[in-house]
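Chemist: Residue strings, one per chain:
Protein chains: 2
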Amino acid sequence: MASKRIVVVGGSAAGPKAASRAKRMNQDAEVVLIQRAPELSMASCAYPYFIKGEVAKRDQLLSTPTGVVRNPTFFEGAKGVHAYVETEVESIDRAAKKIVAKNLRDGSTQEIEYDSLILCTGANPRMPPLPGSDLKGITPLHAMKDADFLASVRGNPEIKRAVIIGGGLIGIETSEALQHIGLEVTVVELLPQILMFLDWELALVVENHVRANTVDVIEENGVSEYLGENGAVTGVRLKDGREIPCDLVVVSIGVSPNTELARNAGLTIGETGGIQVDAHMKTSDPSIYAAGDCTEKVNRITGKKCLAPFGDVANLEGRVAGENAAIGDTATFPGVVLSGICKVFNLSAGSTGLSERMARAAGYDVLTATNAGPDKPGFMGGKLVISKMVIERETERVLGFQCIGAGDVNRQVAEAATAVNLGAKLSDLVNLDLPYAPPFSLALDHFLTTAHVAENKLRGLFHGVNCNYVLEASKKEPKPFMLDVRSPDEWEEIRIGIGEILIPLGNLRNRLNELPQDKDAEILCWCKVSMRGYEAERILAAHGWTNIKVMEGGVMAWPFEREK
Amino acid sequence: MASKRIVVVGGSAAGPKAASRAKRMNQDAEVVLIQRAPELSMASCAYPYFIKGEVAKRDQLLSTPTGVVRNPTFFEGAKGVHAYVETEVESIDRAAKKIVAKNLRDGSTQEIEYDSLILCTGANPRMPPLPGSDLKGITPLHAMKDADFLASVRGNPEIKRAVIIGGGLIGIETSEALQHIGLEVTVVELLPQILMFLDWELALVVENHVRANTVDVIEENGVSEYLGENGAVTGVRLKDGREIPCDLVVVSIGVSPNTELARNAGLTIGETGGIQVDAHMKTSDPSIYAAGDCTEKVNRITGKKCLAPFGDVANLEGRVAGENAAIGDTATFPGVVLSGICKVFNLSAGSTGLSERMARAAGYDVLTATNAGPDKPGFMGGKLVISKMVIERETERVLGFQCIGAGDVNRQVAEAATAVNLGAKLSDLVNLDLPYAPPFSLALDHFLTTAHVAENKLRGLFHGVNCNYVLEASKKEPKPFMLDVRSPDEWEEIRIGIGEILIPLGNLRNRLNELPQDKDAEILCWCKVSMRGYEAERILAAHGWTNIKVMEGGVMAWPFEREK
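Chain order of the listed sequences is B and D. Residue numbers in the first sequence follow the UniProt record's numbering, run continuously in steps of one, and reach 564 at the last position. Residue numbers in the second sequence follow the UniProt record's numbering, run continuously in steps of one, and reach 564 at the last position.
Treat the hints loosely; a few may be bogus.
Which copy? The list can't say, so a pair holds if one copy fits it or any two copies do.
As the list claims (entries may be wrong) - Derived DSS-like pairs (lysine-lysine); straight-line CA-CA distance at most 27 angstroms: (1) K57 - K383; (2) K383 - K52; (3) K52 - K136; (4) K519 - K4; (5) K304 - K425.
To be clear, the hints were calculated from the coordinates, so they are not data collected in a lab. Just so we're clear, the structure is a prediction, and the values are computed from it rather than from any experiment.
Let's have the full structure, built from the sequences with the hints guiding it.
Modeler: In structure tokens form, the structure reads like this:
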């Protein structure tokens, strides 16, 4: 039978999914998977946990859930896919519909014809072209070999200090791994905050936690030069001239789509630098599809093109590309909303959709709501989560949600991501019927109460400000009237100490004479999380005060220094 | 100032929320909260954990997150609400807009006028009128006093054996609590399964787990008589005549809306037995609202009326009723989808929307998809979850989702509940961009792959059957050809053993001659979870077999006896 041949270039995430799906959809097709690295289908998002020693065996990163290594034999038998490893596709001849593949072990090349081609060439780690870049001990964390190198650091007494360049998701996960195995770790970040998927005030809470775990964080600074001796790195020089001695440098300043093959073949590259694809994951050549980190995606919220180098998105795109290459353009991929989550020592941090910063940069008029509280009842071991919802004022559409904390951030962000993917409006969220039992959530789930805060703000019942507003206001003379409405016990345990006075909420109605008699005076109030602060606003507003502002998230979300 | 008076009847869940919201919305209003029990705002869903000893102090069930007991003093100070406890509302005079309240401590009565009334009278536990009902040691688990009684069992050497009547959510949670504190526990259920929010095949997996934790479960049987000596229960007689000795009986066969007050006042009671309310939570009297377990709700999926005695729903309804009573009908409640979750020893079980049974009973033509697999990668400590999605064939709307397992059922059901509340279709789910990192989920989250199974079934790529179909087929002569496509190692560890043969998926293409040569013969195949079973179907279909069926959920979801 003259069968169709589908060639998939790239065997990490999108590629194996595309190849497997293609074969399942069309068993008559011959499916060929070509991978440059020696490994296939690596669980690369787990590399930090491999370095940390949490993954018991290296093979687990490369195996099916039942423990079979996903090598060419596995792909041949279980998937019906011919897989080649350590093989690089050098060029595409689009007119003749064939590629040239080079065996990296023996240098031999072969031409392979295709009916459909799927490019899953991934991304390349960005490596700054600094003096000293060729010193030993400088590595990205991108390929399995990088993970192997960093895992070899464990138990190596020569490696004591590491500098991580870039405080993004991988940089921070890696800082935890290296700290865990005993290294002294410094993260150097060019921007004024770590974890740019969070707004700065939540990122600052996470940064405080990173520092509390003895990882140093240096922001608004970069590395200008690698320092070395005998060919090995011994330190970095920062842009401000400071030197930080180290035996290891991990570069994690992001990735760029690997589009060289596509570009050389004349395929259209999008303005973001990724391969341009349509909703069918088809490139500018109707015989060529692309999926994964190498492609440009549509942001479902803004409608604009973006990059999204995430393993889950790569799998979903691979599934669509594989089907379409196999049976015609039956499947579509709707785009991304940019959901992510990561573990940072004892905290989790996740987000979906747009942060306030991203939303404002995209031109939206937004309302935000910050909420802090336990993930489940305290008597069931509830732990703090702090979240922030971003709403477009005009349409009341939920643009984004971010959450951090020691509690179950996972459920919160998963709920929000589902809602954002589905284009929910705020009014869709305030009465969600969600699963509740005390071991799992509060009666009103944290996500719901964040929506309630947003609704109350939108209706003018709750005038919220963020922690920075309060900090700046406290530096003014005269200061606004600042009011903490918690209990004396809570006040003794923790307090901000920027000039606020304590009037417990339960006494507020009887102590109104202690407030400014000018009813238009600015009053800033807060409690532990925000709920009592909100009650205080309602009481004061009813008594004629006109300029009350509540610090959202309360004392628990305050990321700056406190008196105690 | 002539202020509005809002009277709220009932102080458990909906009532306190309604009263607090009303006051926040209208500080000029006088808000009165009247509660029959001595306690206010009890965390009643946590009673099983209090009985178990997991909640350190009783007061925690009655306190704010910062440890303040929610008593009348708290409500007065913090909420501006006048709360009366141990006070029963005896009647409503709708014409005069006043109620008669009786102080249960001294028997005195007073009339209280209202501008708006909110009924949050809750539900009553159903107690079967059996001989011996007045014996000591027979209790529901509904009020704080019931929880106190059952908590007193802990450390009482006289109480050794308990019978729980009713295998619903509270019955099963209570069975865990009583087993944990050392009792011998038997659950007696009238129906053929426990946990009716699950379809039977998932409920059976949970039931096996309950039995493995030494709780006996007797189904399709009921209690016909309580047996006693010296005024105390000593056992129960079942409908089939069997006697089970016990020192304690917990009755948990559900609740009925407490509508006596409303009924006597002539308010309209719905066909489900709950107080009829509109979307504003308003009863048939425009001055009277109702919220919580006493009301009838709209099922957002079917559009039909239903009951939903859940704490989260009560809070949401209370919030709406409180606002509307305070400032006019500005808020609406959209109804429920019936989401729930519970812990059962080391498993969790949750659901949202309609089960297959409920959907079929409601007349839907449905397609279901069952999926089993880890919640996150095995090397990150992933644990099994089994889920089932119910889709309406005609509209492809997601009608429901249920999930059980030792893994993170919470995230799965929370995602699904969000989607079901938002009216999602299957096509909305297959490409959801969800938060992913190895400590939290698989690259393709379990919920997503369940949607993929459903999509593959809908498109005829995957012909799934459930475990019962396979069990029944295995009893026929001749049996269909039954094929397990796992590895020899897996086969040696666990196998069903109903006449199936083993051909590992990787060898299947080379061993097709071992299959029936009649291409129309029925072939049933499975693997550990379903993925390889699905691959097998695709291979066999491509080779001309026409009648292949895959057992969904594979060996992991098989709830019946196994050979090993």
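Chemist: Run every hint past the structure and note whether it holds.
Modeler: A quick look at each hint next to the structure:
Taking CA atoms no more than 27 angstroms apart as the test, K57 paired with K383 passes between copies only; the shortest distance there is 18 angstroms, against 32 angstroms inside one copy. For a Cα distance limit of 27 angstroms, the shortest separation of K383 from K52 qualifies both inside one copy, at 25 angstroms, and across copies, at 21 angstroms. Only within a single protomer do K52 and K136 lie at most 27 angstroms apart by alpha-carbon distance; the minimum there is 21 angstroms, versus 58 angstroms between protomers. Only between protomers do K519 and K4 lie at most 27 angstroms apart by alpha-carbon distance; the minimum there is 25 angstroms, versus 79 angstroms within a single protomer.
In this homomeric assembly, K304 and K425 come within 27 angstroms of each other (Cα to Cα) both inside a single copy, at 20 angstroms, and across copies, at 25 angstroms.
Going down the numbered hints, you'll see the structure goes against none, and every one checks out.
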